[in-house]
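When you get a sec, could you build the whole thing from the sequences and use the hints?
2 protein chains.
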Amino acid sequence: MISKNKLKELASYRQQKRCDEEAVFVVEGPKMAAEAMAAGVPIRVVCATSEWNADNGMWEEYYEVSQAELERLSNMRSPNQVWMLVERQHHQPLPTTHQPLTLALDKIQDPGNMGTLMRTADWFGVRHIVCSPDTVSCYNPKVVQASMGAIFRTRVEYVDLPQWLSSCGMPVFGASLQGEPLAKHLTQNTQHSVLLIGNESRGISPEAMASVTHPVLIPNIGGTAESLNAAVAAGILMHALTK
Amino acid sequence: MISKNKLKELASYRQQKRCDEEAVFVVEGPKMAAEAMAAGVPIRVVCATSEWNADNGMWEEYYEVSQAELERLSNMRSPNQVWMLVERQHHQPLPTTHQPLTLALDKIQDPGNMGTLMRTADWFGVRHIVCSPDTVSCYNPKVVQASMGAIFRTRVEYVDLPQWLSSCGMPVFGASLQGEPLAKHLTQNTQHSVLLIGNESRGISPEAMASVTHPVLIPNIGGTAESLNAAVAAGILMHALTK
Numbered sequence: 009m010i011s012k013n014k015l016k017e018l019a020s021y022r023q024q025k026r027c028d029e030e031a032v033f034v035v036e037g038p039k040m041a042a043e044a045m046a047a048g049v050p051i052r053v054v055c056a057t058s059e060w061n062a063d064n065g066m067w068e069e070y071y072e073v074s075q076a077e078l079e080r081l082s083n084m085r086s087p088n089q090v091w092m093l094v095e096r097q098h099h100q101p102l103p104t105t106h107q108p109l110t111l112a113l114d115k116i117q118d119p120g121n122m123g124t125l126m127r128t129a130d131w132f133g134v135r136h137i138v139c140s141p142d143t144v145s146c147y148n149p150k151v152v153q154a155s156m157g158a159i160f161r162t163r164v165e166y167v168d169l170p171q172w173l174s175s176c177g178m179p180v181f182g183a184s185l186q187g188e189p190l191a192k193h194l195t196q197n198t199q200h201s202v203l204l205i206g207n208e209s210r211g212i213s214p215e216a217m218a219s220v221t222h223p224v225l226i227p228n229i230g231g232t233a234e235s236l237n238a239a240v241a242a243g244i245l246m247h248a249l250t251k
Numbered sequence: 009m010i011s012k013n014k015l016k017e018l019a020s021y022r023q024q025k026r027c028d029e030e031a032v033f034v035v036e037g038p039k040m041a042a043e044a045m046a047a048g049v050p051i052r053v054v055c056a057t058s059e060w061n062a063d064n065g066m067w068e069e070y071y072e073v074s075q076a077e078l079e080r081l082s083n084m085r086s087p088n089q090v091w092m093l094v095e096r097q098h099h100q101p102l103p104t105t106h107q108p109l110t111l112a113l114d115k116i117q118d119p120g121n122m123g124t125l126m127r128t129a130d131w132f133g134v135r136h137i138v139c140s141p142d143t144v145s146c147y148n149p150k151v152v153q154a155s156m157g158a159i160f161r162t163r164v165e166y167v168d169l170p171q172w173l174s175s176c177g178m179p180v181f182g183a184s185l186q187g188e189p190l191a192k193h194l195t196q197n198t199q200h201s202v203l204l205i206g207n208e209s210r211g212i213s214p215e216a217m218a219s220v221t222h223p224v225l226i227p228n229i230g231g232t233a234e235s236l237n238a239a240v241a242a243g244i245l246m247h248a249l250t251k
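Chains as they are written, first to last, in this note's numbering: chain U, 9 to 251; chain W, 9 to 251.
If a hint is listed, it holds; no wrong ones were tucked in.
Any copy will do: because identical chains look the same in the list, a pair fits if it lies in one copy or spans two.
Only pairs whose alpha carbons sit at most 25 Å apart, straight line, appear in this in silico DMTMM-like list of lysine to aspartate or glutamate: (1) K150 - E79; (2) K150 - D118; (3) K25 - D118; (4) K39 - E234; (5) K251 - E234; (6) K14 - E68.
Everything labelled a hint here was simulated from the structure, so no lab data went into it.
As structure tokens, then:
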């Protein structure tokens, strides 16, 4: 059972600002809840149906909720069994030069793209993601869900991107329609590199492009489409650069 | 100006059923409207702001609408300048064996994924897409928008997929977690092949898998992510199979 006041208080975490202030984020559904538990991150509050709790043990701050109450809390269209408030982790800085590849994101706007970029990085073992400050927050609820658990296995940092790129000391591959075909670049060693992906409609900004040492083009075989989706382009390049 | 009755009538095209019955679909925003005009498809109705129309000529059935009226018609959160009702095209069957690669989709559910799959196919010159009947409609408004114009440049057919695959007479590459690494397959000729992509959570169905001649695995270098997004996986494989 949950009181009306408690429900109202927890529903306020639908506001990103509230989550940012307390350095928490919302995780929803049995699959993402299982990822949070497996990752061992501190779970502050759990609201779930009695069925979910019966299978998933006891929690210090646990509220049994109805489907209607879950809908009140949820950011999703079809909330599913469980809602969690999870604490953000403060990691030590990663030693970037020991990572096979670092992903850099310049002004990615769409939460679905951002989550898919994190998920794809996770698949290819790319653990470090640096973003311009105007890239969508990795704690946006849609990003968290689209990441399919990658939020718990990647480090996402928001930095002054042009400055970070210019001082990182690594080759920077940048997806660009003015680049050279991918195959040409793969003759050299691509270990300890950065892959830079630009905004969905404007591409890489001129300030970030200044640090791109290897502009890369994915061949446009059809010749009719204007561009690839940012996460698809990143997937093709991460696959090429990590193999 | 648009009458209340006309607005009500046109707003009924928000229902997929209505669009299916009349073999039309909705196209929104200046970018997609420009794609429809460039493609030369029959445009039945145009509703737009006066600014858009001033730049884009006259239309037989044109209604000037306000932002509020556009919102009434639109499937989008932030409708933008123009709404069009476009007729679906009845193409002749494509000679599949003359296509470099055919994309086959087994029970793709998410409209964003479907549109991105079409957009990626368009980029790689893959013009023919065959789908199981329970794949989301290519005329779903979210699919149309996510396709970024590929709806006008690809042929999407809904067929009995296991039967189509078993009688297509081409090698069938299928993305599968039980497959062999991609690099191993690329030593052979991959022209005139089919790439089969399965459902977002269940993968390729057993009935379709029976026709897969080349199960392909995209190396899971991180070892922690469960899967790749369907459109990202398809992008990596289309890039590999068309180069």
